[in-house]
Amino acid sequence: MKLLFIAFILSAPAFAQFEHDLSGNIEAQGRHSQNNEASREELFQDWNRDDFYLMYGNLNGKASYNNIRLESNWFARHSKSSLYEGGFLATQAYTFPNRLVVRDMFRMQHIKQEDDYKTESILNKLLLGVDFEESRFVFGRMYINYGLGEIFNPINPFNQPTGLTAISQVAQGNDGGSVTYFASDKHTVDLYVLGDKSINNYDGSIDRTIWVHGEVQATEDLNIDYVFGDDQKRYKGGGQVSYQFEEAMLFSQIFYQSHTTHDEISQNFWDALLGYDEQLTNKWHLRLETGYQKKNRFQNPLVFGDRFLPTEYFVALANQYEIHPLIEINGTIINDVKTGFTYFITKGIFSLGSNVEAEVFAFLPVAKGSDPENISQKLVTTDVGMALRAFF
Amino acid sequence: MLRKIFGKEFVFCVALGTGVNNPDEWMKYAEKEMRGDSSHAEMTMTIQTPNWTRTLEIESDVKGKKEALSTITSPAKEKGIRTLRLDNNMWNYFPKLKRKVAVSSSMLLASWMGSDFTNDDILKASSMNEDYDHKFAQDDKEFKVIENTAKNNSKVMWPKIVAYASKKDCLPRMYKYYDKENTLKRVLSFDNIKTFDGHIVPTLWIMKPEDDATKSTTIVYRSLKFNTNFKSSHFSQKNLTGN
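Quick note, the sequences are listed as chains A and B, same order.
Numbering follows my numbering, in which position 156 of the first sequence is assigned residue number 156; successive positions increment by one, without gaps.
Numbering follows my numbering, in which position 127 of the second sequence is assigned residue number 519; successive positions increment by one, without gaps.
Looking at chain A on its own, in the form it has when it is part of the complex (with noise of 0.2 Å):
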């Protein structure tokens, strides 16, 4: 038996795969912000020009041995601007996503904010998976990505799209259990047991987020998602419908939310999305996001909370063009189709090195909103900003 024992001892880093990986990346950015006459006369965001400095980094770490694997992410980001001694809302959109963590049970995160600086440490992921034949388990603070809308996403409430922000390298992480079941090559579903933590009002207790999520290739061009679930104390249930065309893929999702199932005054939301994605040129990547989500009228309309864009009724065409293999634009424009408020967004990145890039970028409000009720919408400034990016 001892034999047997020593043998199997010695013999096991033949069979055992033991695999790390780190990687990371850092980013400096500075913005030079302009504020809109609306936001300074009716919402009280009494400045004028600011400047807006941040530095951010994430550090991801993996070590899987066989099947059983364990992955982090830590997020570091600190800010200043002599905005935040003002208290002014700008610094929420600079910052977003400036709640990472909705449903943080295990408290990873740490931010202060004094004066004019924010300082934010947050552990966004930190999981132990064990991967099997026809199934997978995972605990621990985890992301969830699934949906198409890189704009607008609203069948996934657990990560929110960054598509409109100078923020990229971010993911939301979510505190509970997962299992992953492949009931064949073609189905998959997700059931997901998360801590569930108020995104708005928060006061002080955690319920839990009972989620399923579906993934079904109904036929080699049709595949099918469904959601439904208990979180944030309503019901909600939707799809997304994807097709995939010989030149093109054309997608759609539709989600419902009740009530709050607690007795309070609340409110029941539908959002629907319509995207059209098309690889047009082997350097031309097209996008058309449009869609409908329905306002929420018991939220602080001051706050940027779980939506975090600034619209009812959308349309948004989000360009990318790579003009040399080191050089790409991005161009996107957003246009809110029932108060006429227009933004637009575009980027140069500019590769500086393998691992090293510079970005330009400038958000710019180009069409004011007439919704007196849309007060978020006046509260986007006009910004110009660079950012160096370094990975490792």
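Check the hints yourself; a few may be wrong.
[As the list claims (entries may be wrong)] Dumping the calculated DSSO-like pairs for lysine-lysine here, alpha-carbon to alpha-carbon at most 27 Å: (1) Lys457/B <-> Lys568/B; (2) Lys527/B <-> Lys283/A; (3) Lys457/B <-> Lys118/A; (4) Lys527/B <-> Lys572/B; (5) Lys294/A <-> Lys572/B; (6) Lys547/B <-> Lys283/A.
[As the list claims (entries may be wrong)] Derived coverage of chain B by chain A (criterion: at least 3 residues anywhere in the stretch with Cβ under 8 Å from a Cβ of chain A; other residues may be distant): (7) 442-454; (8) 463-470; (9) 482-490; (10) 495-502; (11) 622-630.
Rather than coming from a laboratory, the hints here were simulated on the basis of the structure.
Owing to the predicted nature of the structure, the values given are computational and were not obtained by experimental measurement.
Think of the CB as a built atom: it goes at the ideal place given N, C-alpha and C, for glycine as much as any other residue.
Please arrange chain B on chain A, whose structure you already have, making use of the hints.
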């Protein structure tokens, strides 16, 4: 003398046995050796242009002729970019953007990551053996020259590929790719033959476009494992996005 004995030209390609005079057998052998039933490869790709050079490290998994997954592992800036092929569908995944982009069939001939290789090359979407008819062309001194013409019903990117296979080990040393106008568009050369898991494989691949002599892309295979057992979920959209 040998020519007299065998009645035809003698070649040292013992691996082909009696199939040495059949062009189908040459192409079948090359595909069997270089592709296998399933494989996991680690390679370095260097893209060379007059103004810049870019080096990528890639891991490539292939199972049969319908499933393939490639992942960039270096440099850090591009790390995690993945390309998946399932049947006739292809997707790219860009982790920085968390974007999954479907690659339409019209993009198969498009460059992969700015290299001289195409999406079709990287994902091994075409099978020289199944998609082409083969015939011998005029022999070269060192090479068997095999002209591969696309079958009528096959959906391949190149109507004609001329393969130059070594008469010593029966493996290709060069592919010449021709377009519909029968114009030579690019040349892929193979060198540095090594053995992995009983498969004889060229480990240095150099692709040169004909219209620009200053450009080239080199692939060096660092390691190659054949008959790899992949999980059933390995070639899935779920695995593509890393969820």
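Checked hints:
no. : hint                  : in the structure
1   : Lys457/B <-> Lys568/B : holds (22 Å)
2   : Lys527/B <-> Lys283/A : violated (37 Å)
3   : Lys457/B <-> Lys118/A : violated (53 Å)
4   : Lys527/B <-> Lys572/B : holds (18 Å)
5   : Lys294/A <-> Lys572/B : violated (53 Å)
6   : Lys547/B <-> Lys283/A : holds (23 Å)
7   : 442-454               : holds (count 3)
8   : 463-470               : holds (count 3)
9   : 482-490               : holds (count 3)
10  : 495-502               : holds (count 6)
11  : 622-630               : holds (count 6)
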